[in-house]
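Novice: In case you want the letters, here they are:
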Amino acid sequence: MYKDTPIIFELATKSKASRYIRPLDVPKPDFSSWFGKAYRAEEPNIPDVDEISVVRHYTNLSNKNYHVEIGTYPLGSCTMKYNPKVNEDLAALSGFAATHPLQPDQTVQGNLELLYHLEQLLNDVTGMDAYTFQPAAGAQGELAGVLLIKAYHEDHGNTKRNVMIIPDAAHGTNPATAAMVGYKVREVKSNSKGMVDLAELEKALGDDVAGLMLTNPNTLGIYEENIEKITKMVHDAGGLCYYDGANINAILMHARPGDMGFDCVHMNVHKSFSTPHGGGGPGAGPVGCKAILEPYLPRPVVRKKEESYYLDYDRPKTYGKVRSFVGSFGVLVKTYAYILRNGAEGLHQAAEGAVANSTYLRERLKHAYRVPYDTPSMHEFVMTAEWQKEKYDCNTIDIVKRLIDFGFHPPTIYFPLIVPEAMMLEPTETETWRDLDQLANAFLKIAKEAETNPELLKNAPHDTPISRPDETRAAREPILAG
Amino acid sequence: MIGYLPMDRKERREMLASVGVDLDQLFSMIPECDCIQADEFQALGEEGMSEMDVVDRVKALAAKNMNSECYDSYLGAGYYDHYQPAAVHHLINRAEFLTSYTPYQAEISQGTLQAVFEWQSYITRLTGLPVSNASLYDAASGAAEAMLLACRDKRRYKVFVSEGVHPDTIETIHTYCHAGDIEVVMGALDENGQTTVFPEQGKEFACYLVQSPNFFGVVEDLDLVTEKAHEANALAAVSQDPVSLAVLKRPGDSGMDIAVGEAQSFGIPTSYGGPGAGYMAVTERLMRKMPGRICGATIDRNGRTSYVLTLQAREQHIRRDRATSNICTSQALIATAATIWLALQGSAGLLDVAEQSAAKAIYLEKKLTESGYFKLVYDAPYFREFLIEAKEGIDLREINAALLEEGIIGGLVVPGNRMLIAVTEKKTKEQLDCFADTMLRLCDERGGK
Numbered sequence: 000m001y002k003d004t005p006i007i008f009e010l011a012t013k014s015k016a017s018r019y020i021r022p023l024d025v026p027k028p029d030f031s032s033w034f035g036k037a038y039r040a041e042e043p044n045i046p047d048v049d050e051i052s053v054v055r056h057y058t059n060l061s062n063k064n065y066h067v068e069i070g071t072y073p074l075g076s077c078t079m080k081y082n083p084k085v086n087e088d089l090a091a092l093s094g095f096a097a098t099h100p101l102q103p104d105q106t107v108q109g110n111l112e113l114l115y116h117l118e119q120l121l122n123d124v125t126g127m128d129a130y131t132f133q134p135a136a137g138a139q140g141e142l143a144g145v146l147l148i149k150a151y152h153e154d155h156g157n158t159k160r161n162v163m164i165i166p167d168a169a170h171g172t173n174p175a176t177a178a179m180v181g182y183k184v185r186e187v188k189s190n191s192k193g194m195v196d197l198a199e200l201e202k203a204l205g206d207d208v209a210g211l212m213l214t215n216p217n218t219l220g221i222y223e224e225n226i227e228k229i230t231k232m233v234h235d236a237g238g239l240c241y242y243d244g245a246n247i248n249a250i251l252m253h254a255r256p257g258d259m260g261f262d263c264v265h266m267n268v269h270k271s272f273s274t275p276h277g278g279g280g281p282g283a284g285p286v287g288c289k290a291i292l293e294p295y296l297p298r299p300v301v302r303k304k305e306e307s308y309y310l311d312y313d314r315p316k317t318y319g320k321v322r323s324f325v326g327s328f329g330v331l332v333k334t335y336a337y338i339l340r341n342g343a344e345g346l347h348q349a350a351e352g353a354v355a356n357s358t359y360l361r362e363r364l365k366h367a368y369r370v371p372y373d374t375p376s377m378h379e380f381v382m383t384a385e386w387q388k389e390k391y392d393c394n395t396i397d398i399v400k401r402l403i404d405f406g407f408h409p410p411t412i413y414f415p416l417i418v419p420e421a422m423m424l425e426p427t428e429t430e431t432w433r434d435l436d437q438l439a440n441a442f443l444k445i446a447k448e449a450e451t452n453p454e455l456l457k458n459a460p461h462d463t464p465i466s467r468p469d470e471t472r473a474a475r476e477p478i479l480a481g
Numbered sequence: 000m001i002g003y004l005p006m007d008r009k010e011r012r013e014m015l016a017s018v019g020v021d022l023d024q025l026f027s028m029i030p031e032c033d034c035i036q037a038d039e040f041q042a043l044g045e046e047g048m049s050e051m052d053v054v055d056r057v058k059a060l061a062a063k064n065m066n067s068e069c070y071d072s073y074l075g076a077g078y079y080d081h082y083q084p085a086a087v088h089h090l091i092n093r094a095e096f097l098t099s100y101t102p103y104q105a106e107i108s109q110g111t112l113q114a115v116f117e118w119q120s121y122i123t124r125l126t127g128l129p130v131s132n133a134s135l136y137d138a139a140s141g142a143a144e145a146m147l148l149a150c151r152d153k154r155r156y157k158v159f160v161s162e163g164v165h166p167d168t169i170e171t172i173h174t175y176c177h178a179g180d181i182e183v184v185m186g187a188l189d190e191n192g193q194t195t196v197f198p199e200q201g202k203e204f205a206c207y208l209v210q211s212p213n214f215f216g217v218v219e220d221l222d223l224v225t226e227k228a229h230e231a232n233a234l235a236a237v238s239q240d241p242v243s244l245a246v247l248k249r250p251g252d253s254g255m256d257i258a259v260g261e262a263q264s265f266g267i268p269t270s271y272g273g274p275g276a277g278y279m280a281v282t283e284r285l286m287r288k289m290p291g292r293i294c295g296a297t298i299d300r301n302g303r304t305s306y307v308l309t310l311q312a313r314e315q316h317i318r319r320d321r322a323t324s325n326i327c328t329s330q331a332l333i334a335t336a337a338t339i340w341l342a343l344q345g346s347a348g349l350l351d352v353a354e355q356s357a358a359k360a361i362y363l364e365k366k367l368t369e370s371g372y373f374k375l376v377y378d379a380p381y382f383r384e385f386l387i388e389a390k391e392g393i394d395l396r397e398i399n400a401a402l403l404e405e406g407i408i409g410g411l412v413v414p415g416n417r418m419l420i421a422v423t424e425k426k427t428k429e430q431l432d433c434f435a436d437t438m439l440r441l442c443d444e445r446g447g448k
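Here the protein sequences line up with chains B and Z, keeping their order. Residues in the first sequence are numbered from 0 upward in steps of one, following numbering that gives the first Met the number 0. Residues in the second sequence are numbered from 0 upward in steps of one, following numbering that gives the first Met the number 0.
In isolation and in its complexed conformation, chain B is listed as follows:
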């Protein structure tokens, strides 16, 4: 095992050979005259490295990563649950992986049937009427969803509606998305229970409102008790309701955005349907909507005529595309396999397991760390290091860095922004009781250490490939390539 891993460019060998391609069997043209002045005479300035060195290099790099298969990864809002192996095998089948996005429909009936069926499954799960598979990730799903709202208002001549209402606990992607769509953001404050304050919402509503973006359960893990009242208020004011599905994994097959009164929804398939996170992608963010928004969906959509499936591009009211081709098909194959494997009962129990595990962890930790809202939480909860900070000058960052020493990945920290010293924990449903106890015990031990040996926390982590990096230096004197 290599401790130091210089970047790949330092591993160059002197031997330059093309290793993987069979020899050229047609005449080689004179490229210099073929490309003329566009020709690049010098060879690419990338290194030639032998295969075993490449394999060792990336294997050694991989060993510097924490991951789901090594231990509990309670990163709140990210849902780091087990990624079933079988789904990887299925997505890699050459019957899928070697199909080209522009193949004629009759040659990809299997792909189209899968997507068609997946659309029905997602409709069932969310109470929607139609789906697009275009968005490449949750944030792009938000964009695709809010664009539906914009297209609807434009089509109905509602030119003055240019405000999007967003609660203060929302993920940063919500206001960023609204801004990309040209909307002004009007923030509504949360009440003491950690929910949308109805009086504040009432004040925010008006004839300039295009809609509301809401995450339910919200980023505190709390279910909005007035959810149907909220969607009705927005509708009565002429706005539409966007359900940010970031946390829908908590309520799958218990409640559906469609029944709560939402007009459109995105889902992060890695959170709800177990597709792997890949170090930050690729994901997929399918967007569902009610029939009133269906005409505006990006194209193509998958439709069926008699016994065959086809990509429908002939959609006069579509707002266009948010990316190329159909979507991240390979990721959607995994989603499909996961939903089939679970069925309604499996998804229902997965949500129950997620809420049970989070609740158990919260109950075990609530006396050692401050839980700012005593409202029951669902798949995740927020606690803080305020007590430790005040008494022992140990803040959130110190506590979670120490958690690494115990073999766990830290929770999400300093989010939501409305909670100081926040730690957001989401253990997920795939952890065992034993896993949860080990995590809880570590947190409790750290709380004690804060009291007895705060330096231990401040110097953590102790046994990692690097110690705490200098982030200020990284931003002030950026070195972005080698």
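Any given hint could be a false lead.
To give an idea of the chain Z side of the interface with chain B (calculated C-beta under 7 Å), a few residues [unchecked claim]:
no.	residue
1	Phe26
2	Cys34
3	Leu90
4	Thr111
5	Arg124
6	Asp137
7	Thr309
8	Gln330
9	Ala347
Rough simulated footprint, nothing fancy, chain Z against chain B, three-plus residues with beta-carbon under 8 Å [as the list claims (entries may be wrong)]:
no.	segment
10	323-334
11	447-455
Once the Cα atoms are required to be at most 35 Å apart in a straight line, the calculated DSBU-like pairs of lysine-lysine come out as [stated by the list, open to error]:
no.	chain 1	residue 1	chain 2	residue 2
12	B	Lys365	Z	Lys9
13	Z	Lys390	Z	Lys365
14	B	Lys289	Z	Lys63
15	Z	Lys63	B	Lys303
16	B	Lys36	Z	Lys157
17	B	Lys84	Z	Lys9
18	B	Lys289	B	Lys183
19	Z	Lys153	B	Lys183
20	B	Lys444	Z	Lys390
21	Z	Lys428	B	Lys36
22	Z	Lys425	B	Lys13
23	Z	Lys153	B	Lys27
24	B	Lys27	B	Lys2
25	B	Lys188	Z	Lys288
26	B	Lys84	Z	Lys425
Hints in this document: simulated from the structure, not taken from any laboratory. Just so it is clear, CB atoms sit at the ideal spot from N, CA and C, and this is done for glycine as well.
Fit chain Z to the given chain B structure using the hints.
Specialist: This is chain Z only, laid out in the frame that chain B set:
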């Protein structure tokens, strides 16, 4: 136990009871009226399926497709079938890369972070531009983000986009620009299939965007685009197939400001159009305006080289509605696969892939056009994809249907009785000869002579 759950309901109940919580009260916060009512689902079964049944079901769907491992295919148009050395998928399927998340905790994410840093390094070396991000969703959304970046930078709300850009990219740009209230002006191609005519009035455009090789395969004159854009004080941007950068002048060397493109062509499976990975490289000056995650090198408390996510003041989790974009992930695993592909191929391999693709495309084009049934539409250099037009009496849609009957997936038929044909290094001379012979025979049979 159901699906992937380690605990059954009994154990869950017991666990919760141990901390004084009643399992039956767990969802009591959901009002009765919200609880799921749909007892008849259109597709969702009540029970889950066994792994064996799921495998059978999904494999049966895969078997219904024609795929390029079993059928000779000439489709490209933005997604290309290049060879992926076996080591790539073995490495990226390591759980350490596959099942980790965005590297928020640098101390235990150096693997992903260094891989991203290396990706950024490869992209800067290939494009000749100094700054790259950790990747974007794809070429189309990357180009759209480039338009937004240019408008932010220039504080102008009009962009010039060549008609040689991929139609999906154009449509995506329209979507993003319409949302951001930015006007998109399209520029036509000249008789050689190149973008040489630019807007007359200056000072209004934030950006000129071309694609090279463009959608029709033609290599654009980036020096000219840059000159014209900069004359108008606009940014010069290009969307590219990065494999072509082994043999074509780099955008940075032409003085361009932004390069975007699709890294799928670094041996990533075509997978019906995704996932791939978009890249974006820019000049130093645009660094802090760029969208997306960026990885940077720094040192830890002991002075060791370390990698972190950096320049985060641009991003949504800090800037919220004033962020450079709403993007909060990348295509990390695909970018890592592309990085490993580049590491394995090296300069010699990359050059071989690029040259063989071009040589084989040229070989096939000559065989087809020498027959007299087809002419090359644009008399300009192309890379590994070219546009032919059939002579009167030959209907290319019909030819394509006949090719399918013979187990060949032809090129992409585009308006004007034209076909866009892509060739990669994977094709053998035998395959190309067979394809050309079949095309010509089909033309003969249709009395094209």
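Novice: Confirm or reject each hint.
Specialist: Quick rundown of the hints versus the structure:
For Z/Phe26, the shortest C-beta to C-beta distance to chain B is roughly 5 Å, which falls under 7 Å, so the interface hint holds. For the restraint placing Z/Cys34 at the interface with chain B, the shortest Cβ-Cβ distance is roughly 6 Å, inside the 7 Å limit, so the hint holds. Among the interface hints, the one on Z/Leu90 holds; its C-beta lies about 5 Å from the nearest C-beta in chain B, closer than the 7 Å criterion. The closest approach between the C-beta of Z/Thr111 and any C-beta of chain B is roughly 4 Å, which is under the 7 Å cut-off, so the hint is satisfied.
Taken as an interface hint, Z/Arg124 checks out: its beta carbon lies about 5 Å from the nearest beta carbon of chain B, inside 7 Å. Taking 7 Å as the C-beta cut-off, the interface hint given for Z/Asp137 holds, the closest approach to chain B being about 5 Å. Here the hint on Z/Thr309 is kept, as its CB sits about 4 Å from the closest CB of chain B, short of 7 Å. Given hint, Z/Gln330 at the interface with chain B, holds; its Cβ is 4 Å from that chain's nearest Cβ, closer than 7 Å.
Interface restraint check for Z/Ala347: the shortest CB-CB distance to chain B comes to about 4 Å, inside 7 Å, so the restraint holds. Check on the segment 323-334 of chain B: 9 of its residues sit with their Cβ under 8 Å from a Cβ of chain Z, so the three-residue criterion for coverage holds. For a cut-off of 8 Å, the count of residues in the segment 447-455 of chain B with a CB near a CB of chain Z stands at 0, and the three-residue condition is violated. About 24 Å separates the Cα atoms of B/Lys365 and Z/Lys9, which keeps this hinted pair within 35 Å; it holds.
Proposed proximity of Z/Lys390 and Z/Lys365 is supported: the alpha carbons are some 16 Å apart, at most 35 Å. The suggested pairing of B/Lys289 with Z/Lys63 holds, with an alpha-carbon distance near 31 Å, which does not exceed 35 Å. Between Z/Lys63 and B/Lys303 the CA atoms are separated by roughly 16 Å; this keeps the pair inside 35 Å, and the hint holds. Between the alpha carbons of B/Lys36 and Z/Lys157 the distance comes to roughly 30 Å, so the proposed pair stays at or under 35 Å and holds.
Of the pairs offered as hints, the one joining B/Lys84 and Z/Lys9 holds, with about 27 Å between alpha carbons and a cut-off of 35 Å not exceeded. Only pairs whose Cα atoms come within 35 Å are accepted, and B/Lys289 paired with B/Lys183 is accepted, the gap being roughly 24 Å. Proximity of Z/Lys153 to B/Lys183 is assessed by CA-CA distance (about 22 Å); at most 35 Å being required, the pair is judged to hold. Proximity of B/Lys444 to Z/Lys390 is assessed by CA-CA distance (about 80 Å); at most 35 Å being required, the pair is judged violated.
Under the criterion of a C-alpha separation no larger than 35 Å, the hint pairing Z/Lys428 with B/Lys36 is consistent with the structure, at around 29 Å. Simply put, Z/Lys425 and B/Lys13 have alpha-carbon atoms about 27 Å apart, close enough for the 35 Å limit, and the pair holds. Only pairs whose Cα atoms come within 35 Å are accepted, and Z/Lys153 paired with B/Lys27 is rejected, the gap being roughly 45 Å. With a C-alpha separation of about 45 Å, the suggested pairing of B/Lys27 with B/Lys2 is violated against the 35 Å cut-off.
As the CA atoms of B/Lys188 and Z/Lys288 are separated by approximately 30 Å, the hinted pair is consistent with the 35 Å bound. Restraint check for B/Lys84 and Z/Lys425: satisfied, since their Cα atoms lie roughly 30 Å apart, inside the 35 Å limit.
Hints 11, 20, 23, 24, counting from the list given before, are not met by this structure.
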